[in-house]
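Colleague: Listed below, chain by chain, are the residues.
Protein chains: 2
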Amino acid sequence: MERIITTEVKNHVGERIRVSGWLHSLRRLGGITFLVIRDGWGTMQAVAEQEAELAPLLEQNAGVESVIAVEGIVNSEAQAPGGVELHDLRIEVVVPISEPPAITLSKRKLKANVDTLLDHAVVTNRHPTRRAIQRLAAGAMGAFRDLLTSRGFTEIQTPKLVAAATESGANVFKLDYFGRPAFLAQSPQLYKQIMVGVFERVFEVGPVFRAEPHDTARHLNEYVSLDAEFGFIENHFTVMALLRDVLAHILATFTQNYGEELELLQVRMPAVPPEIPAIHFAQAQELIFKLHHVDVRGEPDLSPQDERWLGAWAQQEFGSDFLYVAGYPMRKRPFYTHPELERSEYSNSFDLIFRGTELVTGGQRLHRYEDYVAALQRAGLSLEPFAEYLEAFKFGMPPHGGFAIGLERLLMQLIGLPNVKLAATFPRDISRLKP
Amino acid sequence: MERIITTEVKNHVGERIRVSGWLHSLRRLGGITFLVIRDGWGTMQAVAEQEAELAPLLEQNAGVESVIAVEGIVNSEAQAPGGVELHDLRIEVVVPISEPPAITLSKRKLKANVDTLLDHAVVTNRHPTRRAIQRLAAGAMGAFRDLLTSRGFTEIQTPKLVAAATESGANVFKLDYFGRPAFLAQSPQLYKQIMVGVFERVFEVGPVFRAEPHDTARHLNEYVSLDAEFGFIENHFTVMALLRDVLAHILATFTQNYGEELELLQVRMPAVPPEIPAIHFAQAQELIFKLHHVDVRGEPDLSPQDERWLGAWAQQEFGSDFLYVAGYPMRKRPFYTHPELERSEYSNSFDLIFRGTELVTGGQRLHRYEDYVAALQRAGLSLEPFAEYLEAFKFGMPPHGGFAIGLERLLMQLIGLPNVKLAATFPRDISRLKP
Numbered sequence: 009m010e011r012i013i014t015t016e017v018k019n020h021v022g023e024r025i026r027v028s029g030w031l032h033s034l035r036r037l038g039g040i041t042f043l044v045i046r047d048g049w050g051t052m053q054a055v056a057e058q059e060a061e062l063a064p065l066l067e068q069n070a071g072v073e074s075v076i077a078v079e080g081i082v083n084s085e086a087q088a089p090g091g092v093e094l095h096d097l098r099i100e101v102v103v104p105i106s107e108p109p110a111i112t113l114s115k116r117k118l119k120a121n122v123d124t125l126l127d128h129a130v131v132t133n134r135h136p137t138r139r140a141i142q143r144l145a146a147g148a149m150g151a152f153r154d155l156l157t158s159r160g161f162t163e164i165q166t167p168k169l170v171a172a173a174t175e176s177g178a179n180v181f182k183l184d185y186f187g188r189p190a191f192l193a194q195s196p197q198l199y200k201q202i203m204v205g206v207f208e209r210v211f212e213v214g215p216v217f218r219a220e221p222h223d224t225a226r227h228l229n230e231y232v233s234l235d236a237e238f239g240f241i242e243n244h245f246t247v248m249a250l251l252r253d254v255l256a257h258i259l260a261t262f263t264q265n266y267g268e269e270l271e272l273l274q275v276r277m278p279a280v281p282p283e284i285p286a287i288h289f290a291q292a293q294e295l296i297f298k299l300h301h302v303d304v305r306g307e308p309d310l311s312p313q314d315e316r317w318l319g320a321w322a323q324q325e326f327g328s329d330f331l332y333v334a335g336y337p338m339r340k341r342p343f344y345t346h347p348e349l350e351r352s353e354y355s356n357s358f359d360l361i362f363r364g365t366e367l368v369t370g371g372q373r374l375h376r377y378e379d380y381v382a383a384l385q386r387a388g389l390s391l392e393p394f395a396e397y398l399e400a401f402k403f404g405m406p407p408h409g410g411f412a413i414g415l416e417r418l419l420m421q422l423i424g425l426p427n428v429k430l431a432a433t434f435p436r437d438i439s440r441l442k443p
Numbered sequence: 009m010e011r012i013i014t015t016e017v018k019n020h021v022g023e024r025i026r027v028s029g030w031l032h033s034l035r036r037l038g039g040i041t042f043l044v045i046r047d048g049w050g051t052m053q054a055v056a057e058q059e060a061e062l063a064p065l066l067e068q069n070a071g072v073e074s075v076i077a078v079e080g081i082v083n084s085e086a087q088a089p090g091g092v093e094l095h096d097l098r099i100e101v102v103v104p105i106s107e108p109p110a111i112t113l114s115k116r117k118l119k120a121n122v123d124t125l126l127d128h129a130v131v132t133n134r135h136p137t138r139r140a141i142q143r144l145a146a147g148a149m150g151a152f153r154d155l156l157t158s159r160g161f162t163e164i165q166t167p168k169l170v171a172a173a174t175e176s177g178a179n180v181f182k183l184d185y186f187g188r189p190a191f192l193a194q195s196p197q198l199y200k201q202i203m204v205g206v207f208e209r210v211f212e213v214g215p216v217f218r219a220e221p222h223d224t225a226r227h228l229n230e231y232v233s234l235d236a237e238f239g240f241i242e243n244h245f246t247v248m249a250l251l252r253d254v255l256a257h258i259l260a261t262f263t264q265n266y267g268e269e270l271e272l273l274q275v276r277m278p279a280v281p282p283e284i285p286a287i288h289f290a291q292a293q294e295l296i297f298k299l300h301h302v303d304v305r306g307e308p309d310l311s312p313q314d315e316r317w318l319g320a321w322a323q324q325e326f327g328s329d330f331l332y333v334a335g336y337p338m339r340k341r342p343f344y345t346h347p348e349l350e351r352s353e354y355s356n357s358f359d360l361i362f363r364g365t366e367l368v369t370g371g372q373r374l375h376r377y378e379d380y381v382a383a384l385q386r387a388g389l390s391l392e393p394f395a396e397y398l399e400a401f402k403f404g405m406p407p408h409g410g411f412a413i414g415l416e417r418l419l420m421q422l423i424g425l426p427n428v429k430l431a432a433t434f435p436r437d438i439s440r441l442k443p
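Respectively, the protein sequence lines represent chains H and Y.
Numbers 9 to 443, taken from the numbering used here, label the letters of the first sequence in order.
Numbers 9 to 443, taken from the numbering used here, label the letters of the second sequence in order.
Chain H extracted, bound-state conformation (with noise of 0.2 Å):
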């Protein structure tokens, strides 16, 4: 008999069926005992009212997560999850499990910290929860994708073993390469930007490595980056009206298409306003002296706690989950930046505030090969290490821009994780190379 998958059986009510997976739980309640089975998409109750049906189970001492295939008839039941179960069972044992594993995926809400949960996540990733979120993150990336191959990006893949660490900032791993050093792309910025070049408007997804020797709720020592890039812009706000646009489509492909997981992970989706508000970075600091007398101007960053008050400002002023901060000192911000064209120590750069917390950064680059020399000379950095990168803006580069969103960072702050480590399938941390 062939299977089907736990998801469609409710297009089968009255039929004898088959479905395979593994065994969720077990409940025995006197003479009825009431299973679960779990495959790749959902879950569904089987029901057996006479012992003999459990024999193959009893025989092998078969408990939860062993590999079943179970045949019954499907009967509408308001009462059963998704509002149908199985009766009359046939049992098939396809691996038996005797030993329950250490995380217990069969109550609803996973109860083990943090790190028994990520220790194991082998086994926990299979929690209808955990999956929910991965399955959230393939949504996410494959929305994104959708978004700009509709709008005429090229996906691109570009090398993570580079020769230098050539981005400031952010620490990067150093291996050896045959002999020579080598270092792990700490973000595809410079290719992305090269690529400009080739196609125009290009995007990557893929792993970016940060060295950063901290470990806290917010840190992930590899992540998924989704990176766009774009030439023929005016200014920062043509990127910052392509990253509303990409935002809002993963938020709607999820309300479409992933309805089950965000009720799991009980989600509150924001909406994405036709056009996102925006404040200039000064203007931002004007504010909060206004606001809450706290004079952070001249400061050449917002702290947290800035970001809060901005973030709540937005939702006051306009209800907007969201808020464009444009125009981040110079000073804090990496060499390929552009300047403001009025007051260069002002960037054509943005930060995207979601909830009172950064969620994206962004901004227009330099696209002058005399503009390159100059930032590179006055960061004090040698232009050698530089030399292929330089030679895309000495062979002519448009006006262009782009932004990068940490895949496992917008899961976090939209499900509201409370730890960025939950938002990973297999997260990397200073102390967590496994599994």
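Every clue listed holds true.
Repeated chains share a single entry, so a pair holds when one copy, or any two copies, can fit it.
Here are the simulated DSS-like cross-link-like pairs (lysine-lysine), alpha carbons at most 25 Å apart as the crow flies:
1) Lys117 / Lys442
2) Lys442 / Lys182
3) Lys119 / Lys402
4) Lys119 / Lys442
5) Lys115 / Lys18
6) Lys402 / Lys115
What the hints contain is simulated information worked out from the structure, not anything from laboratory work.
Got chain H sorted already, so can you dock chain Y onto it with the hints?
Modeller: What follows is chain Y alone, placed relative to chain H:
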């Protein structure tokens, strides 16, 4: 005036429009000057009949690769590439470039040796033939994801930083991870298997790293792997059927959406038969003995010559560019390989041979915990580095299998490139870490 992209200009005959991009070439013929403008999607011709139209270029000494915008009237012109050209030009120079790049981009074919092309990949990648290869790469990734998504597969992103060099065969890169050793994943093999325990059907598109110290036309030290793995299979023939459909979908996508690229690269497209012919490894060796009087029986693997002979045989016997060889001896296959049920010296693994060269490897994997313990012990490997991986099998894994397609190798073999490095955007080899 809003910009029109070059591939859309044909829909604006008779109108005055604006295109933006790079000055791809400039050719003076008597009093007439032909300009080719290249943007992210294509190229188009513009014709200057008055010297004054060229003044902005001449004044700023703007040569090829200058970023320009050109306004003009669209004329139908059968002789012009794409069937249209611009007249009555108003040229605007966005970024003037006076020095020509090291690689001449304006010729139909690139005329430099491989090393020079790759040294200047930043510019080389702008050439139409190079762009065509990269577009096919993007198309292959998209088609791979689309087919698998339509079959219920979930996209995953697995860590590239791992604690132990757990796969045999290929060499791995080692790095310092906060004072401890870490390694770069040489494939997502173990993680994609673990994730079969979560979603049953998974795929990943991402970089893999091989520290193989060979500098050949077939080696890359970093490449893009298209990985699929799925559960509840019958045996390796289930995997072979899926791989057939994946390749058929990639090739159909090329034919449908990448006609111009295929033409430019003069790709001879293969047909994928509804069922790809398959031969057992032992029979393949018998066949070679019969047809070519060379006795390779008892050899644990096929040589390149063997593969060529088998490819020719498949062509002659079935008219097929593709041939599966199934049942490779266990002793040359990795520890997780599932043996044949009847003859345990052979495996449930396969290679796909395309036009006489191995293209894809795949197979059924072990799925019982005790089989892994025995296999690792037989291979002389310690269980400890595999503890987390083994947790997946300890807690229930269905029969499963999968395959991995090397993106660059697929493109090299399909296009008939002389070197796999030419199928990569920024290749990494033993002496190349830049650009």
